[in-house]
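Modelling step: build the complete structure from the supplied sequences, incorporating the hints.
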Amino acid sequence: MLPFVNASLVGNPGSGIAPTYKVAITIPSGTVASDLTNFPVFVDLSGMPSNFWTHVIDGGDIRVKTTGGASVPFDLVSINTGLQTGKLFFKAASILAASNNVWNIHYGDVSLGLLPVTDTYGRNAVWADYHRVVVFDELVDRTGSGNDPTIAGTAANWDFVEASVSPDFAIHTQGVAWDGTYYYVVGTNEIRKYNSSWVLQATNSDPIGASGLSGVNHCGDPEVVSGLLYIPIEVYPNSPYNNQHIAVFNASDLSFSTSYDISAQGHEASSIAYNPADGLLYITDYTSSGSPLYKYNLTGGYVGTLALSASVLSKQGITFYNSKIYVSSDSSAKRIYRFSLTGTFEELAYGMPASGNMEGLSHNSTGLLLVVSPGATGTVRVLTEAAPGIPGWLNLDGTGHAATVGLTKFTQWSMGASAVMDNKAANRSVLSYTQAGSTNTAFRATLVYRQTADRWGLWNSTDTWLTGGSSPTLSQRYRVNATHDGVSNRKLYIDGSGVTDTTVAQRPAGTGDGLYIGAGDSGGTERFRGSINYVYLRNGILSADWIAAERVSWETPGSFYSLGAETLA
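The opening residue of the sequence shown carries number 1 in the working numbering; numbering runs sequentially from there.
Since the hints were derived computationally from the structure, they do not count as laboratory data.
There are no misleading hints in this set.
Label pairs and their in silico Cβ distance ranges:
#1 N38 <-> G375: 50 to 60 angstroms
#2 S471 <-> G113: 45 to 55 angstroms
#3 D119 <-> S263: 43 to 53 angstroms
#4 T37 <-> L139: 26 to 36 angstroms
#5 G498 <-> S461: 15 to 25 angstroms
#6 T441 <-> S46: 33 to 43 angstroms
#7 N489 <-> N322: 48 to 58 angstroms
#8 S559 <-> A18: 28 to 38 angstroms
#9 Q476 <-> T502: 26 to 36 angstroms
#10 S323 <-> V102: 35 to 45 angstroms
#11 S470 <-> T567: 38 to 48 angstroms
#12 S196 <-> Q476: 26 to 36 angstroms
#13 Q506 <-> T287: 51 to 61 angstroms
#14 N322 <-> T567: 33 to 43 angstroms
Here the structure is a predicted model, which means the values were calculated and not measured.
Ideal Cβ positions, reconstructed from N, Cα and C, are used throughout, including at glycine.
Structural data, given as structure tokens:
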């Protein structure tokens with residue numbers, strides 16, 4: 001299963017050769033101001049007819065064709081058949097201003113699979129006219145250059161960002177639980193109880209000894225339910241796993257109450273969480289590379305398993321938050337996965353930018369509680385949903401950015417991005433074309449919010465500011481673009497409307513091999529706060545009509561095209 005393609009196989013009705021289906025997509029006459037060539041049309045799959053979600057298989061069966069049946073290059077950025085969402089671009093060889101323009105999206109052919117990105121009609125072909133393209137469902141340059149964007153600091157194409165960090169507990173910390181008043185922090189053989197300000201209230205310095213369990217040596221990530229603290233205790237590492245228990249302690253004073261032997265199931269027990277929807281405890285297996293979660297009742301009775309639709313390596317923590325399952329993975333990628341209550345993978349919710357073991361997972365009323373424990377230290381990171389926290393966007397809190405390097409230095413170029421600000425207290429860079437690794441302001445051309453003018457702007461050190469539009473509204477989406485011919489003019493566009501400067505200096509200067517997203521340069525100058533998506537740089541000057549059409553296609557796709565009913569292909 002691909003990281004951002006999530007689906008289960010759905011059989012087609014009938015017998016013999018399974019039917020295939022199509023939906024017509026029409027860009028009506030008058031939608032674009034002039035004829036456009038090789039234009040990437042964005043399709044919001046959440047707007048597809050309901051029957052599409054019945055008959056599409058897993059996204060690998062999708063193809064885009066002309067009405068005459070000729071294949072059209074397309075880029076399936078993401079699809080989730082459970083949530084009925086997804087993003088797709090296709091390359092329209094021409095969009096005529098004075099005529100209706102029609103293509104068909106085909107699907108349901110069980111013999112087809114995902115096209116390789118290098119296929120004649122695959123992803124790279126859609127973006128062949130571009131130098132870099134990033135849509136933040138994943139950290140990939142969609143042109144296929146191999147120079148994928150990297151993250152610096154606290155910047156994420158996930159939903160949660162770090163809001164605060166607890167004091168260091170000075171022990172290797174396995175997990176945490178929260179009961180609405182107190183935190184319960186568990187080490188390899190220690191339990192601590194803290195108030196909401198992280199002031200220590202009580203300690204059990206030998207829970208393994210207190211349990212009386214023979215041969216065990218390891219406490220895992222806990223859960224607290226109705227005044228009782230449930231902790232997986234086991235011998236670790238061990239093979240086979242035949243000494244696993246759920247130990248129960250009183251939350252009031254951390255004293256031992258009872259234990260339940262769960263060794264018969266033969267799985268490792270790294271973390272435990274309570275699901276209020278069914279009243280059961282769910283346990284993760286760190287060593288398993290598969291998908292099961294093991295279910296027990298509150299008295300240790302084995303109930304069965306829940307199969308996750310995506311395999312999670314090195315499962316260290318689990319919690320149920322806002323009717324979703326979150327699982328932390330201490331694999332090399334260090335991610336938190338989100339699943340529905342039925343086990344369907346939905347998205348990657350968080351990635352840890354720093355070193356250290358990603359351990360247990362819990363939640364409080366504001367977000368997730370993630371334990372990070374490098375060596376003999378441990379902290380709890382409070383993760384809250386990034387504001388505005390748009391799924392599939394680069395969500396920034398002002399302490400990080402993204403960058404792609406290895407660029408060509410162009411004399412004439414166009415770039416664009418969509419941006420949503422959540423703070424206007426300083427200049428906020430959206431895109432900056434400059435020398436990779438340099439903080440020399442003389443090298444860069446930057447699309448940036450100018451705080452003193454309260455306007456979007458385009459800046460370089462020689463020509464200074466070109467600003468336009470009106471005062472940006474916080475939490476509102478804007479499409480910002482710039483073109484630069486290096487001699488006679490540079491142009492700034494806000495939501496498709498442009499202003500022009502004359503007699504401009506050549507930018508970028510220096511090597512011109514870096515594109516910074518959410519910052520002015522490698523030093524993190526003028527970092528953005530909010531969300532950014534659909535970023536690109538390309539050689540040459542795009543027309544005002546193109547940029548206006550791009551804005552409508554991406555920002556309000558339902559007004560750019562219409563979708564027909566499902567028919568047999």
